[in-house]
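Chemist: Here the protein sequences come in this chain order: A and B. Adding 554 to a residue's 1-based position in the first sequence gives its number in the working numbering. Adding 554 to a residue's 1-based position in the second sequence gives its number in the working numbering.
Honestly, the hints are just simulated from the structure, not real lab data. Errors might be hidden in some of the hints.
All copies of an identical chain are treated as equivalent in the list; a pair is satisfied when it fits inside any one copy or across any two copies.
Below 20 Å or equal to it, Euclidean Cα-Cα: the simulated EDC-like pairs (lysine to aspartate or glutamate) are [unchecked claim]:
(1) LYS691 - ASP710
(2) LYS1044 - GLU1010
(3) LYS816 - GLU961
(4) LYS691 - ASP709
(5) LYS914 - ASP584
(6) LYS914 - ASP939
(7) LYS1051 - GLU957
(8) LYS894 - GLU652
(9) LYS699 - ASP709
(10) LYS699 - GLU989
(11) LYS679 - GLU1061
(12) LYS1123 - GLU775
(13) LYS1044 - ASP1015
(14) LYS840 - ASP710
(15) LYS628 - GLU796
(16) LYS1123 - GLU695
(17) LYS936 - ASP799
(18) LYS971 - GLU645
(19) LYS699 - ASP710
(20) LYS884 - GLU1124
(21) LYS1123 - ASP1134
(22) LYS859 - GLU891
(23) LYS949 - ASP674
(24) LYS948 - ASP1008
(25) LYS884 - ASP584
Protein chains: 2
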Amino acid sequence: MYRTHTCGELRIANINTNVTLAGWVQRIRDFGGMSFIDLRDRYGITQLVIDENTNQPVVAQIGQLGREYVIQVKGMVRERSSKNMNIPTGEIEIALTEILILNPSLVPPFTIQDDTDGGDELRMKYRYLDLRRNAVKQNIELRHKMAQETRRYFDDQGFLEIETPVLMKSTPEGARDFVVPSRTNPGMFYALPQSPQTFKQILMVAGYDRYFQIVKCFRDEDLRADRQPEFTQIDCEMSFVEQEDILNTFEGMLRHLFKKIKGIGFDQPFLRMSFEDAMNNYGNDKPDLRFDMKIHELTGKLQGKGFGVFDQSPYIGGICATGAANYSRKQIDELTEWVKRPQIGAKGLIYIRFGNDGVKSSIDKFFNAEELAEIGNLFGAKTGDMIFVLSGEKKKTLGQLSELRLETGNRLGLRDKNRFVPLWVVDFPLFEWDEGTQRFYAMHHPFTSPKPEDMEFFESDPGRVRANAYDCVVNGVELGGGSIRIHDQKLQQKMFKVLGFTKEQAEYQFGFIMNAFTYGAPPHGGIAFGFDRLVSMFSGLDSIRDVIAFPKNNSGRDVMIDSPSTISKEQLEELQISLDLKDNK
Amino acid sequence: MYRTHTCGELRIANINTNVTLAGWVQRIRDFGGMSFIDLRDRYGITQLVIDENTNQPVVAQIGQLGREYVIQVKGMVRERSSKNMNIPTGEIEIALTEILILNPSLVPPFTIQDDTDGGDELRMKYRYLDLRRNAVKQNIELRHKMAQETRRYFDDQGFLEIETPVLMKSTPEGARDFVVPSRTNPGMFYALPQSPQTFKQILMVAGYDRYFQIVKCFRDEDLRADRQPEFTQIDCEMSFVEQEDILNTFEGMLRHLFKKIKGIGFDQPFLRMSFEDAMNNYGNDKPDLRFDMKIHELTGKLQGKGFGVFDQSPYIGGICATGAANYSRKQIDELTEWVKRPQIGAKGLIYIRFGNDGVKSSIDKFFNAEELAEIGNLFGAKTGDMIFVLSGEKKKTLGQLSELRLETGNRLGLRDKNRFVPLWVVDFPLFEWDEGTQRFYAMHHPFTSPKPEDMEFFESDPGRVRANAYDCVVNGVELGGGSIRIHDQKLQQKMFKVLGFTKEQAEYQFGFIMNAFTYGAPPHGGIAFGFDRLVSMFSGLDSIRDVIAFPKNNSGRDVMIDSPSTISKEQLEELQISLDLKDNK
């Protein structure tokens, strides 16, 4: 062992102990007669001190050291004269008697500090240096802790962690698969799992009634910001349960994590909200409930008063921003430009201000004070508040109102990263109609079960059928989702029919799992949580990238190892494939 | 919830409780006035009883049931009149009042029992039924427990579990990679990791001084028996440590697992043996030390006495099989045939029998009693023992003696599956000479460090240099191996030179990690354990297949989901690759 203690360990109680430490040189300060080195390792920073009068050979070595050199040092712990109470080792320092350079370092291309001067691209290229920064290290440690606590919870609840294959089979439904050519089966391919969905349902058929896995999944998508081609899920499935059992079990998991990791408890059961209420009241199936600011429909109230924009809109809705009446003309203009950006796409923004000097609005021409007051009552608006109104096609406008609500929440400081409001969104529609292909798609997946009470519409009005499907949402972020599956074959066949599959197509795509289901499939259901997302929420980050040790960039490249890369002619020949590059680059 | 209790839970204390159970019909027995159903779930089997006099509607349902039907039942717990003390629920039964068929089942193609009538191929095709068998289920549960305990140990020791990428980069050295074409980077490929070796060393450079991961690895090899294209490793790396620290830490891991899982403790430190001793004394770098039966070299003693076979052999060696003197002529012939099989490849087998009637051998013609007795003394042979002798080229003969030793151990019942003898094999050679390519290869990998005391031979006689490399061997099975890595760049360059790399080749293949090492790489080393192998050893199995939920067969196929499979023309086009099948099938 190269050390007796770590750099985060020594305290006032260790004074007069001879110690050996090893780590990286964070900083060297030379004060004439006295030099100081901050020595860093995973556990902290310890101050080393070299007195020029007493340590001649050691003093000579200091000149050779540079930032990020790896050194081993020996010395005695002593009390600092000027203490630093901001760090745990701040009351002591080591009076050095020996320095051994274990490895030199080139000058790193950016500073190893919380506020580094390295840009994103540089940090990713030198990720091994970036990972030394405390800000990144904390996330990696948090991720470890959360993974262990997740497993502990499930283990205590009688779940078994079972590894499912990574070399799987390509399925045409769903997102694009990554595929792996098989050398021993020429012309054939494995696929990497988008999720272990099939295998976890198979495990239920196999009788493993409580399964979980923290597992890598893969999706060959065009990468948007904050998507990764490989990501990690907490994947779970249970048998002999109903929706309520699932919600309780996984509410338990989140409570366990919040308690163990963040010391946060929730007095009340998690809120429940139907998909329909979420859409109507928040314009969004993953509402951020850290603040209220519900959307109210105003179509009936605001039409027929001669304001053309409203009269031509199938839907009018608004939100009431508490305490925003003092917004200046400039702020309102800014917000108007904000909603008009192509990403939001609103035509304009109407406001009704409830100021000290009475109610004023941008549509005063069409509405009298009484009518505006009535609108205010609908929202419970008080003096000091401001109502914002958007109009247009219903679904679109609700979406815009949702964005406006979140942005207003941001501007009013209502979205505190240290407050967490968890929510179950339930009663999702079973089907989604796609205009392009003129067919229904399964909103969750084709094995999701319908609500029995909606079965009367199953064939006559599929769009009206709700599913036993649920999402777990915290602070407006969807952390996980799942459903109770269909275990009855007749119902499954009906489902395929509505989805427009012929019997042959259904057989081709899902024959294997349907076959497994003929051998005694129990009632079952499950859920999957995005683990990267969960960790990033706990660490207060907006992006998942910094909770992943080695993330890929937006082109799916690992710029540190320079991957993907070309492979040799011999490799291609062995796999019996050839490149067929188009001139589209 | 479909049940109040599981099928493994009810005891005499639950008598007179009304319960609801759910599970699979294991067996139905009709005794005229009385019917019995064995209901099975993951937790056990509970006996259900239906009395024809009292439960008319329920009686009628029994006729509809078949093996593996999924049912929910209600009834009252009562004491059995005829108890079955072999199962935990054997003192009670449930007097049924209700049966609900949750799902019917086709007749399974084999019996769901420990001794199933299903062959290997059938079991793999219907793996979901096979997994219902207690014999398989126990392995899956054991695997879960071992994974949790492994993590617990490392977590307690301050290790961080850090996920490394699955979409990596192909490296030409080592075994064959599985590759993944990148759609967004046409003509380029990711590779699946054969191990996270590069990334774990990068993590050491990044300062994460105790890393572990239970991780899937991939190797596109021609599958021998008991190899899987995807397998699971316990992968570990530590910084600021020497070999001794690593051995102690991972000996600790094994002790923890043996204690927690099997209740077995080891009084003594694990044995240590040099590679050289292992090869000379056991003919094998992973000796099974459950029994002694050391190999002794007899070249000097047995040559020059006129026995041509010996006189022409560069090496003669033997083992002493304690208590084997009573082997019959037939048994010796059988063993002779066994060593002559092509897999072993010996020319013949010489024996020296130490019977009650004196010493007899198959080479009596050439050696007198005194000479044979002297050989006996060398082995410490006693009356009742038998010495077997093989001769030929040294390395080959030692290998044959090793096989013979193991086989003899088997036949003498010396290899008890419930006894475990762990061993560290150390001081492996750094290089292996390859006759075919006339160059040295790194025996472990090119980052393995040499023993400082052997550095004098590094350039003059590389074959003589020993490495800081170690294997963990239990009962003749290599469970894991690792090394202290090179962290000094000058030494690393010397290493590449001996391995025959030009500077450019080294740069091309290892430039990225070499570059990382210029920014302050700490002294470090690590180890990886084969998790599948470890679990199969703990479960007393010879094969790793039954400790994997969904294994692939010897052609790398998953016969359950029928994978790998063809993919669509559109998929190939998007990936800009085409098939280039040879007519070699």
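Chemist: Each hint should be assessed against the structure and marked as holding or not.
Modeler: Okay, the hints, checked on the actual structure:
1. LYS691 - ASP710: For LYS691 and ASP710, the Cα distance is within 20 Å only across copies (19 Å; inside one copy 29 Å).
2. LYS1044 - GLU1010: within (15 Å within a copy, 77 Å between copies)
3. LYS816 - GLU961: Neither. Shortest intra-copy (27 Å) and inter-copy (58 Å) distances fail the 20 Å Cα cut-off.
4. LYS691 - ASP709: Only across copies: LYS691 and ASP709 sit 16 Å apart there, 27 Å inside one copy, limit 20 Å.
5. LYS914 - ASP584: neither (65 Å within a copy, 85 Å between copies)
6. LYS914 - ASP939: within (11 Å within a copy, 110 Å between copies)
7. LYS1051 - GLU957: Neither: 37 Å inside a copy, 61 Å across copies.
8. LYS894 - GLU652: neither (66 Å within a copy, 64 Å between copies)
9. LYS699 - ASP709: Answer is both; intra-copy 15 Å and inter-copy 9 Å each pass.
10. LYS699 - GLU989: neither (45 Å within a copy, 50 Å between copies)
11. LYS679 - GLU1061: between (47 Å within a copy, 17 Å between copies)
12. LYS1123 - GLU775: Result: close only across copies, 18 Å inter versus 27 Å intra.
13. LYS1044 - ASP1015: within (19 Å within a copy, 74 Å between copies)
14. LYS840 - ASP710: Neither way: LYS840 and ASP710 sit 30 Å apart in one copy and 38 Å across, limit 20 Å.
15. LYS628 - GLU796: Classified as between: cross-chain Cα gap 18 Å, same-chain 62 Å, threshold 20 Å.
16. LYS1123 - GLU695: neither (42 Å within a copy, 44 Å between copies)
17. LYS936 - ASP799: Cα proximity of LYS936 and ASP799: none, with 42 Å in one copy and 69 Å across.
18. LYS971 - GLU645: Result: close neither inside a copy nor across copies, 32 Å intra and 56 Å inter.
19. LYS699 - ASP710: both (16 Å within a copy, 11 Å between copies)
20. LYS884 - GLU1124: Result: close neither inside a copy nor across copies, 65 Å intra and 52 Å inter.
21. LYS1123 - ASP1134: Both: 14 Å inside a copy, 12 Å across copies.
22. LYS859 - GLU891: For LYS859 and GLU891, the Cα distance exceeds 20 Å both inside one copy (26 Å) and across copies (105 Å).
23. LYS949 - ASP674: neither (37 Å within a copy, 56 Å between copies)
24. LYS948 - ASP1008: neither (24 Å within a copy, 79 Å between copies)
25. LYS884 - ASP584: neither (52 Å within a copy, 86 Å between copies)
Hint compliance for this structure: hints 3, 5, 7, 8, 10, 14, 16, 17, 18, 20, 22, 23, 24 and 25 are not met, and every other hint is.
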